[in-house]
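Spelled out from the first residue to the last, the chains are:
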Amino acid sequence: MRRLTWFNATSLTLGFAFLYLPMIILIVYSFNESKLVTVWAGFSTKWYGTLIQNEAFLDAAWVTIQVAVVSSTIATVLGTMAALVLVRAGRFYGRTLFSGMIYAPLVMPEVITGLSLLLLFIGIGLDRGIFTIILAHTTFSMCFVSVVVSSRLVTFDRSLEEAALDLGCSHFDAFRLVTLPIIAPAVISGWLLAFTLSLDDLVIASFTAGPSATTLPIKIWSSIRLGVSPEINALSTIMIAIVAVGVITASLITKRASLRQQADERAAVHA
Amino acid sequence: MSQTVFEPWNDPDAKPLIQFKNVTKRFGEFTAIDNQSFDIYEKEFFALLGPSGCGKTTMMRMLAGFEKPTEGTILLGGQDIAPFPPNKRAVNMMFQSYALFPHLSVWDNIAFGLKRDGKSKDEIAARVEEMLKLTRLEQFARRKPHQISGGQRQRVALARSLAKAPKLLLLDEPLGALDAKLRQATQFELMDIQEKTGTTFVIVTHDQEEAMTVASRVAVMDTGKIIQADTPQVIYEAPASRYVADFIGDVNLIDGMAEAREGGAEAASTAESETPAQFEAEIPAAETAPRAPQPNERGKWLHDKLFKYILGPREDAPKQLPPPTPEESKAAASAVQPYAIAPGGITIHWAEGQPPLIASNGDPALAGKRVTLAVRPEKLGISKDRPESANALRGKVIDIAYLGNLSTYHVELANGTMVKAQLANTRRVAQRDITWEDKVWISFRDTAGVVLGE
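If you're matching them up, the sequences are chains Y and U in order.
Note that the first sequence covers residues 1 to 271 in the working numbering.
Note that the second sequence covers residues 1 to 454 in the working numbering.
Careful: at least some of the hints might be erroneous.
[What the hints assert, rightly or not] Computed list of lysine to any residue pairs in SDA-like fashion (alpha-carbon distance at most 25 Å, straight line):
{"hint": "1", "chain 1": "U", "residue 1": "Lys119", "chain 2": "Y", "residue 2": "Thr179"}
{"hint": "2", "chain 1": "U", "residue 1": "Lys68", "chain 2": "Y", "residue 2": "Asp173"}
{"hint": "3", "chain 1": "U", "residue 1": "Lys88", "chain 2": "Y", "residue 2": "Ala61"}
{"hint": "4", "chain 1": "U", "residue 1": "Lys144", "chain 2": "Y", "residue 2": "Leu160"}
{"hint": "5", "chain 1": "U", "residue 1": "Lys88", "chain 2": "Y", "residue 2": "Ala186"}
{"hint": "6", "chain 1": "Y", "residue 1": "Lys255", "chain 2": "U", "residue 2": "Lys88"}
{"hint": "7", "chain 1": "U", "residue 1": "Lys115", "chain 2": "Y", "residue 2": "Arg260"}
{"hint": "8", "chain 1": "U", "residue 1": "Lys115", "chain 2": "Y", "residue 2": "Asp173"}
{"hint": "9", "chain 1": "U", "residue 1": "Lys68", "chain 2": "Y", "residue 2": "Leu160"}
{"hint": "10", "chain 1": "U", "residue 1": "Lys396", "chain 2": "U", "residue 2": "Gly344"}
{"hint": "11", "chain 1": "U", "residue 1": "Lys121", "chain 2": "Y", "residue 2": "Phe175"}
{"hint": "12", "chain 1": "U", "residue 1": "Lys144", "chain 2": "Y", "residue 2": "Arg260"}
{"hint": "13", "chain 1": "U", "residue 1": "Lys144", "chain 2": "Y", "residue 2": "Trp6"}
{"hint": "14", "chain 1": "U", "residue 1": "Lys144", "chain 2": "Y", "residue 2": "Asp173"}
{"hint": "15", "chain 1": "U", "residue 1": "Lys121", "chain 2": "Y", "residue 2": "Asp173"}
{"hint": "16", "chain 1": "U", "residue 1": "Lys119", "chain 2": "Y", "residue 2": "Asp173"}
[Stated by the list, open to error] Beyond 10 Å from chain U on every Cβ pair, some chain Y residues (computed):
{"hint": "17", "residue": "Pro22"}
{"hint": "18", "residue": "Met81"}
{"hint": "19", "residue": "Pro109"}
{"hint": "20", "residue": "Met239"}
These are calculated hints, taken from the structure and not from any lab test.
Keep in mind it's a predicted model, so treat the numbers as computed, not measured.
Backbone N, C-alpha and C fix where the C-beta goes; we use that ideal spot for every residue, glycine too.
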């Protein structure tokens with residue numbers, strides 16, 4: 001292994017500082033004694049204490065989690081179905097158009113998606129609240145799921161399904177017993193992606209949220225306008241921690257699974 | 001086991017298990033199967049053989065139910081199978097990629113089809129154990145497909161497709177992913193299992209050796225048509241067309257004009273005009289050629305100065321194998337010995353100024369037509385002196401391929417036709433030192449070839 005030259009070390013430090021310095025400052029100041037965000041007055045965890053007693057934040061957090069779980073689940077079901085059709089179905093008229101349309105929301109500006117949803121909800125007379133946020137989040141995260149799942153389905157060996165049919169499965173059984181278990185990792189990561197997207201969405205949520213339901217990002221955004229409080233820092237630190245734990249766990253699980261598979265395959269060759 | 005020959009296709013009373021009746025399959029403009037009718041009988045091992053794109057896989061997928069014939073009907077045990085989807089047919093398939101379910105253990109893979117039938121737990125367990133035993137996989141039952149080797153995976157796939165005791169098992173290039181040695185062993189295993197279970201097997205392959213080894217009948221296909229369906233022996237020894245002759249094994253094709261033949265008498269007499277004595281003298285002559293390795297000067301010096309005291313004095317005479325016994329010489333010679341040429345058949349005029357070829361097994365009805373004589377390389381003799389044989393052609397050795405057990409001589413005949421002669425490298429015969437550019441005689445019997453019409 002080559003040692004780092006001073007140039008490489010500097011590049012590395014600068015790069016990571018650029019990425020992580022803002023977050024580190026946020027985390028450090030969440031443990032600040034002082035109410036003033038910019039003045040360090042000693043270590044304290046009291047803002048975490050007050051956060052737990054803040055009803056408004058807790059309500060918003062609960063709404064956010066409900067929205068994320070429900071919308072990502074619906075998005076996963078719909079996205080997987082769309083991926084199956086687009087990968088599996090042979091050529092049909094307008095197929096290219098349909099697959100293009102599935103991916104279009106990926107690049108659509110969020111403001112436009114949000115605005116159009118808002119107009120739709122007003123048009124059909126739907127009262128804005130938790131239900132409309134769920135609908136909106138399902139709409140935009142579904143295409144992410146479909147991208148993830150279809151990239152897995154492209155490499156899926158069709159003869160596995162044919163074998164299941166050959167052995168007496170109906171089409172639905174073949175999907176339930178063979179296809180789904182095999183593409184499960186892609187479906188789960190699609191769900192996780194949809195969940196994260198829903199968790200931190202601000203723009204679309206603020207278009208579609210009503211007075212009855214506010215999500216955490218909206219709550220944070222609106223309280224910032226009244227001035228940054230150390231409570232927000234504490235809340236953000238908790239969110240960073242949750243995301244970090246999730247990401248690290250997921251990557252460890254995938255890594256271990258692939259290592260074990262490799263070892264098994266090596267063993268099989270020599271068996 | 002009964003000693004009667006298994007040939008249901010020659011028995012007019014035998015009821016076929018599968019009947020293709022004027023089956024055509026089109027994919028858009030492309031015709032994959034062109035109006036084919038044929039029968040497959042119970043307990044047969046039927047091979048569909050052909051190059052890629054000849055329609056053999058389509059044929060199999062129609063039997064499995066993954067494709068429907070565009071026209072015509074397929075009967076299984078007398079019943080039209082078109083309305084039955086794959087999961088309702090007493091037909092199972094072993095896929096080329098094996099298609100093992102990666103998330104299930106070997107045991108669960110084999111049990112998969114049985115569970116779908118709603119059998120009781122004990123029944124399933126008993127059947128799976130039976131299958132594991134049949135395919136010698138007992139100790140791998142708990143492993144996942146990626147934890148076993150390629151050959152074992154192949155056996156799991158076979159066990160899984162046999163577990164439901166189908167009337168018909170389809171095998172799609174079942175041994176394609178195995179290496180040569182394992183493939184040969186597995187071919188015999190397949191035949192063994194087919195015999196034990198009494199299931200009808202239909203195998204799709206592009207490997208003619210594999211088809212010939214395992215199958216009771218081979219159907220040679222080309223562009224959507226079965227060209228010939230018969231036993232491996234007939235396919236090899238009596239191909240019905242140029243295509244079959246050329247596709248199966250190596251063959252020499254000599255084109256010419258056929259002429260009816262009255263009798264074999266005069267041809268036999270010309271053959272006898274050569275003295276047999278001359279021929280017999282040839283083999284001992286070849287024996288005298290030096291061939292054992294000789295030590296060089298330094299080797300001799302080393303031996304005389306040093307090894308003599310340990311190993312004894314050096315023999316100058318090279319060590320040789322004992323000369324052939326008279327029986328051995330006779331056996332070697334009889335390979336190209338003359339014998340009576342049967343009357344009838346045809347002669348084939350194949351080149352200007354060359355004696356016509358005698359094919360006493362040719363159909364006289366072909367007289368006056370252009371024909372092709374197909375002769376397998378191993379049926380050609382090659383010698384430096386004119387042999388006594390129904391057909392002897394002059395030629396020049398262009399190339400020699402030494403394959404260890406065999407040598408193939410590429411010989412150019414008078415009119416430029418290239419023929420291949422294959423000789424087994426048995427101990428004695430290998431010593432006839434034919435080499436590049438040698439003038440040789442190519443000889444074969446009057447019944448060695450097959451006369452094919454246009």
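Status of the hints after comparison with the structure:
Between Lys119 of chain U and Thr179 of chain Y the alpha-carbon distance is near 23 Å, which keeps this suggested pair within the 25 Å criterion. Restraint check for Lys68 of chain U and Asp173 of chain Y: satisfied, since their Cα atoms lie roughly 22 Å apart, inside the 25 Å limit. Using a Cα cut-off of 25 Å, the hinted pair Lys88 of chain U and Ala61 of chain Y is violated, with the two alpha carbons roughly 52 Å apart. At most 25 Å may separate the alpha-carbon atoms for a hinted pair to count; Lys144 of chain U and Leu160 of chain Y meet this at roughly 15 Å.
Straight-line distance between C-alpha atoms of Lys88 of chain U and Ala186 of chain Y comes to about 31 Å, which puts the hinted pair past the 25 Å bound. A hinted pair counts as satisfied when its Cα atoms are at most 25 Å apart, and Lys255 of chain Y with Lys88 of chain U does not qualify at roughly 41 Å. At most 25 Å may separate the alpha-carbon atoms for a hinted pair to count; Lys115 of chain U and Arg260 of chain Y exceed this at roughly 29 Å. The hinted pair formed by Lys115 of chain U and Asp173 of chain Y meets the criterion: a straight-line CA distance of about 12 Å does not exceed 25 Å.
For the proposed pair Lys68 of chain U and Leu160 of chain Y, the alpha carbon gap of about 20 Å is at most 25 Å, so the pair holds. Proposed proximity of Lys396 of chain U and Gly344 of chain U is contradicted: the alpha carbons are some 31 Å apart, above 25 Å. Our distance criterion of 25 Å between C-alpha atoms is met by Lys121 of chain U and Phe175 of chain Y, whose separation comes to about 23 Å. The suggested pairing of Lys144 of chain U with Arg260 of chain Y holds, with an alpha-carbon distance near 12 Å, which does not exceed 25 Å.
With a C-alpha separation of about 49 Å, the suggested pairing of Lys144 of chain U with Trp6 of chain Y is violated against the 25 Å cut-off. Our distance criterion of 25 Å between C-alpha atoms is met by Lys144 of chain U and Asp173 of chain Y, whose separation comes to about 21 Å. A distance of roughly 19 Å separates the Cα atoms of Lys121 of chain U and Asp173 of chain Y; the hinted pair therefore holds under the 25 Å criterion. Proposed proximity of Lys119 of chain U and Asp173 of chain Y is supported: the alpha carbons are some 17 Å apart, at most 25 Å.
The claim that Pro22 of chain Y is not at the interface with chain U holds, since no C-beta of that chain comes within 10 Å of its own (minimum 43 Å). Against the 10 Å criterion, Met81 of chain Y stays outside the reach of chain U, whose nearest CB is about 21 Å from its own CB. With a least CB separation of 41 Å from chain U, Pro109 of chain Y remains clear of the 10 Å interface cut-off, as annotated. For Met239 of chain Y, the non-interface assignment is confirmed: its Cβ lies about 34 Å from the closest Cβ of chain U, beyond the 10 Å cut-off.
In terms of the numbered hints stated before, the structure departs from hints 3, 5, 6, 7, 10, 13, listed from lowest to highest.
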